[in-house]
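Put the complex together from the two separate chains, hints included.
Residue numbers (this note's numbering), protein chains in the order written: chain A, 1 to 322; chain P, 1 to 303.
If you're looking for bench data, these hints aren't it; they were derived computationally from the structure. For every residue, glycine included, the Cβ atom is placed at its ideal position computed from N, Cα and C.
Calculated lysine to aspartate or glutamate pairs in the DMTMM-like style (CA-CA distance at most 25 Å, straight line): (1) P:270 x A:192; (2) P:83 x A:31; (3) P:117 x A:100; (4) P:144 x P:102; (5) A:195 x P:244; (6) P:270 x A:107; (7) A:266 x P:212; (8) A:244 x P:173; (9) P:182 x A:100; (10) A:163 x A:259; (11) A:138 x P:244; (12) A:28 x P:80; (13) P:243 x P:264; (14) A:17 x A:38.
Per the computed footprint, the stretches of chain A lying under chain P, defined by three or more beta-carbons under 8 Å from a beta-carbon of chain P, are: (15) 55-66; (16) 96-103; (17) 118-127; (18) 244-250.
To give a feel for the contact side, a few chain A residues facing chain P, derived at Cβ under 8 Å: (19) 14; (20) 19; (21) 27; (22) 48; (23) 69; (24) 90; (25) 114; (26) 313.
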Amino acid sequence: MQTNLNKSQAPEVNITKTGYRALFILMKLIEKPLSRDEILECLSADPIAKKDFSKDTITNTINALRLAGCIISRPTLRTGNKYILKSHPFGAILTTQQAEALQNLRENIVSTGDWELLIYLNNLYAKIARLTPDNETKNLLLNKHPLRNIDYKLINKLLFCAKTNHKLNITYLSPQNGEENFDFAPEYLTFENEKLYVWGHNKKHNEFSFLRVDRIIKINSATFITNEDKAKEFPKEVVCVQYKLKGYSAQTYAKNEHEKILQEYKNDEYSLLISANVTNKFNFFQRILSFGPDCLIISPDTIKQEFVDTLKRIKRRYDAGE
Amino acid sequence: MPENNKKIANAGLRLLIMLKELFQRPLSARELLYFIEEQTDNVYRKEVINKYLNTLKILGINLEKNKNRYSIKRNIETIEYDKMDLSLILFIQKYAANLHHEHLKENILEALQLIEKSYSPRTLALLSSKKIRTYLPQAPVVIKDENIKKFEKYCAEKLKLEIVYKENPEAKEQSFKIAPVKLSYKNGIAFLTGYCYYSNSYKLFLLENIIDAKQTPQLSMINSTGAVTFRLTGRLAHSYVLKEGDIVIQHETDSIIVSNSIEDKDLLLKRLIRYYDACEILYPTVMREKMLNLINEMENLYA
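Just chain P, same shape as in the assembly (with noise of 0.2 Å):
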């Protein structure tokens, strides 16, 4: 209890700190008690806990009691959820419920748990007198993510990785040592980003494109990555919002330069090129070099 010379209201407080107790886990009546003896190093009657248990009720304090454990339902802070925020809860749980990656589904759905707690006596009301449809979005998201399990394990036990990779299913395969880093979705298909210890950088894996994926024994650990620097002009160089791992290195009269050494080097090409001739790489000289590639094999598409 206070260690200072405050004076505080200790009934208030022992009211207080098992009420805490109560939103974290349920409890029952003797488990109370001892916690409370436990908090406050003293002796209380077991009607003491009646009588907090009464005062909370009295309050307005939403008890529930199943096998003799109580636990509180709802929040003493509530929020107002509209019908579109209802809507869109039950789009996040089936969404959760198609995923494969457990740890993440479990998160959302705890998530979606605790937001159910904070619901306000409104927010109730609406879901007892309304019929709440799911959100449909544009166009469905369809997760594929069907592989998923085994590289969330591989990410969790933080071990180097070889894998065998296709670009695309008709590429020839590839062999990486990697750093598995994390998974993540885009457009509902799942990928790997992992730090590469050939090219010292970051690369996306899409999942369904891994061959086959071996565990080494040897931690994982992630060196400091090579930078691509390259220069923007003109407008762009006036509008260009910072993307993930971009610095702006030098402000010119009519150019920035900038350097990025997060994204994934394939990717960083594609985004860059969408730049026209606003863009230029400058270091290293093996990313210019790839740029000319890579124009020089779409040019020949139309030789």
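Pulled out of the complex, with its shape left as it was, chain A reads as follows (with noise of 0.2 Å):
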């Protein structure tokens, strides 16, 4: 009678000492490696396990916990004599159907090209890769997005600098001269064809041009312009192009951030009528190109005419090939 009462007033004493321990050291090897001597010194600290044991008593309970499925590597001098837990089954685990039906997700939010969205769901993705069963379900949540090669303090930076008017030193890796350094004033970031874009005025070609974030080694040094001074040393041309879409292209269409709808129309061969405002007119072609012959240009004149040679330039190169 006397024990019962005990018991129920120190729930302590009704639990298994042995359990107690493995599970209190699973816990500690959660939360760092700890070598035999460390786990002992807090097992001697800890109110409900208080007393000392003997060094085996400690070996026998990593036994047990590899024993019920923790990977934990032994001790060795390399470790610091630490025992390291690699993985435990005591949680809940994602299964792969279920990473894969979360890759599906970021596979269709890359198809968006909302690049900002795609960077909030990769640091989430990064956090839930812990709960993975295998390393290859690991390594899915963890790189397989286009934006793996990114440092996500150097698109912070170039986001910030585009919005407080800073012209830039940057060292970049061209794919034909290796590392350069030249002065580029960053204007906005775009996401297209699976890779991130920072455009902006490069001072060595003098153009308004696009860079790929990822060929971005380092900024070296960031000078606040006024508007004035950077619409002199750096002018910006800006050329207006409508065009029309139909089709597979008119149906897939996804708008990007200097384009608008301006008319849709259900019964035309062309259901949709849009407006861009063009900076750079190669990435503008590489987009028209894309769309195949559901995309007519209807204006200016002169755009649909460089289009035109562009399209004979491309065909050169096949009747001159093999």
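Written as structure tokens, this is what we have:
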């Protein structure tokens, strides 16, 4: 009777001390790797485990943890004689199918071009990756996205400088010339064909162009520049182009930030009339080319002619080819 | 129990295997007793289970009792989620709710339930102290997949499929015999990837443009697909990032030769034409001709 009373008053009396020890050590190893002596120290300081244990007790408990499915590395000199818990089976683990479903969602976001959402998703998935059952699934959540080689701090810096009118001196890994330094005044970022670009005035080529963010090695300096000085030093030519879309391209059309749909037609061959503010013709023609014959440039005539010349140039490659 | 000669803490092991099982499914005290007896090939008093449950409670394991069954609500190892993460989780929940793809929806929602089990105490405090709003993307992600359910079934059953397809609403109807491979979303629009037996290649079908689909009794098999080989020159050769299915088969001084056997051939043409004259299709001849036709067709629009 007395014993029962004691048990209800002090619930820690009615426990399995060996079990308590096993779980206690598991929790400590989840926090950080520990040597046998450090585990003994933690146990003797614990109000429930209290007493001093032998080193063999620790070994036996570690053996029990391993047998229950924990992967714990052997303490060696290289690891400072610490036990390292590499994985454990206690907790809710995502299945491969669930991780693939999350990846399916991410791929859809990639196709929308919303790179900000993609970055936030990547950060979340990096946390969730701890709940995966194996390295392959972990790798899927951690790395299978197009922004994997990009330093997010660099993106923040570029955005900040674009917002606050800063001219940068950057080191860029050019595909043809290797590393080179030049001045660049960033304006905005875009995400096209699974690559992140920063758009701005490139002093080296004296034009408004785009750079691949993953090729920017570092920002060497940032200098504030007034709007007036920017307009003088970095003139920007904007051409307003109108084009029509039909068929598959109209059905799957995804608007970019410099375009707007002027009109949607229900019973016309071309169902969309779009207006685009073009600052870089190379990039604009890339977009128009990818629509194939579903796209017709309406105006201006100069752009139409330049586009036809571009088509001729591509065709020559095939005429001259093997 | 242990088959080798290593000494182990047996009561510790029993508690651990019980804990592992409780993470998998809710169990009553009686079921837990049976489970432990089955695992250890031993008989125990029912009080032992109370002792084990007490031990878990004392160590802070969040046991929940529902209709006499115990379950564990929180992981031992928790994860810190910030306000943005929680706001994204709400976005994912809303996204999943809009899907007609049952399997995908189910897996995403189940994943979210598991993620919730990993919330740290600080995350829980954040949830209760602040109103978390659903993340709003730059443009709303509108899901268009109303007819996806039957294709979900077709993909799972792996039988050959005969489909009638229109490349776009104005195009002529075409027939294809395909092996359904997978369903995906691009910009919210549902697509079916199929292996086409006529062209021996993969093709991406816009689901809303499939006019008719019939399953055949034959099992679908995928043969090795024909590759398209192209040369990239100049800057592009140095900066090209390989796409899914791309293999570099030759490096030259100022060019690379790439082969791709996975991408939808029509979409591949549209991708390669973006590279201007820095890209030339080398093989097969039919794809070279298709590219020339594509350019001519575009040129004729301005003639």
